[in-house]
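Each chain, written out:
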Amino acid sequence: GAVVSQHPSRVICKSGTSVKIECRSLDFQATTMFWYRQFPKKSLMLMATSNEGSKATYEQGVEKDKFLINHASLTLSTLTVTSAHPEDSSFYICSARLAGGIYGYTFGSGTRLTVV
Amino acid sequence: GIQVEQSPPDLILQEGANSTLRCNFSDSVNNLQWFHQNPWGQLINLFYIPSGTKQNGRLSATTVATERYSLLYISSSQTTDSGVYFCAVGDKLSFGAGTTVTVRA
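Each protein sequence line maps, in turn, to chains A and B. As numbered in the working numbering, residues 20 to 135 make up the first sequence, in order. As numbered in the working numbering, residues 8 to 112 make up the second sequence, in order.
Just to be clear, a hint being listed does not mean it is correct.
Said to hold, decoys possible - If the Cβ cut is set under 8 Å, some of the chain B residues that face chain A in the computed set are: (1) V36; (2) N38; (3) Q49; (4) L50; (5) N52; (6) Y55; (7) Y76; (8) G90; (9) F93; (10) K99; (11) G103; (12) A104.
Said to hold, decoys possible - Taking lysine-lysine pairs in the DSS-like style, the calculated list, with each CA pair at most 30 Å apart, reads: (13) A:K60 / B:K61; (14) A:K83 / B:K61; (15) A:K39 / B:K99; (16) B:K61 / A:K39; (17) A:K39 / A:K83; (18) A:K33 / B:K61.
As the list claims (entries may be wrong) - Part of the chain B face toward chain A, derived, beta carbon under 7 Å: (19) Q40; (20) P46; (21) Y80; (22) G97; (23) L100.
Hint data in this document are derived by calculation from the structure and do not stem from the laboratory. Here the structure is a predicted model, which means the values were calculated and not measured. We treat Cβ as the ideally placed atom computed from N, Cα and C, and that holds for glycine.
One chain only, chain A, in its complex shape (with noise of 0.2 Å):
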């Protein structure tokens, strides 16, 4: 089946600064993965559509410039959180699918965010 890595699973920032999410397909390509942020005890919000070659797409409320999507190939697709503020502090987490897709979307293993 499709796997998707994401790394870093756990990262811990300072306010003010920069943090880099990599989501990889391992063993298949994908035009299109998906980036959604998970508060604690809630659901999966998505927040933007990832597009390789060209622009995400973002859900309404998302900062496109808070949160930058590249998807520079067809196995890789990143998430900065910029200017991280505490309040970004959340879990993300990606997701992509296999083409054909009789099984559907694969997530990622997620990244819990904590900015201080």
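Once you have looked at the hints, place chain B on chain A.
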């Protein structure tokens, strides 16, 4: 967007018990998945089931697309089944609020 409602929000089971989780959605979809989120946050894909019935060990799922609901059955529950179960639908995977399952030994 598509609205997804899951019930019950919380479920406490004695080990060995059976249970049914429900997912209602507001529009027709060509994608529906059930996930189990473990305590470390990993989302485990249980079923890709836009319609029909599937079984995998002690778990099974049924989606009645025409009536816009899906059911996840857990039989002979074990403590390792504890966690949050999510239903997600649509091309962009809209998630329900989840059902938190606690299985007690």
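Quick rundown of the hints versus the structure:
| no. | hint | in the structure |
| --- | --- | --- |
| 1 | V36 | violated (12 Å) |
| 2 | N38 | holds (7 Å) |
| 3 | Q49 | holds (5 Å) |
| 4 | L50 | holds (4 Å) |
| 5 | N52 | holds (6 Å) |
| 6 | Y55 | holds (3 Å) |
| 7 | Y76 | violated (18 Å) |
| 8 | G90 | violated (12 Å) |
| 9 | F93 | holds (7 Å) |
| 10 | K99 | holds (6 Å) |
| 11 | G103 | holds (7 Å) |
| 12 | A104 | holds (5 Å) |
| 13 | A:K60 / B:K61 | holds (28 Å) |
| 14 | A:K83 / B:K61 | violated (39 Å) |
| 15 | A:K39 / B:K99 | holds (23 Å) |
| 16 | B:K61 / A:K39 | violated (38 Å) |
| 17 | A:K39 / A:K83 | holds (14 Å) |
| 18 | A:K33 / B:K61 | violated (47 Å) |
| 19 | Q40 | holds (5 Å) |
| 20 | P46 | violated (12 Å) |
| 21 | Y80 | violated (19 Å) |
| 22 | G97 | violated (10 Å) |
| 23 | L100 | holds (6 Å) |
Violated hints, listed in ascending order, are 1, 7, 8, 14, 16, 18, 20, 21, 22; each of the other numbered hints is respected by the structure.
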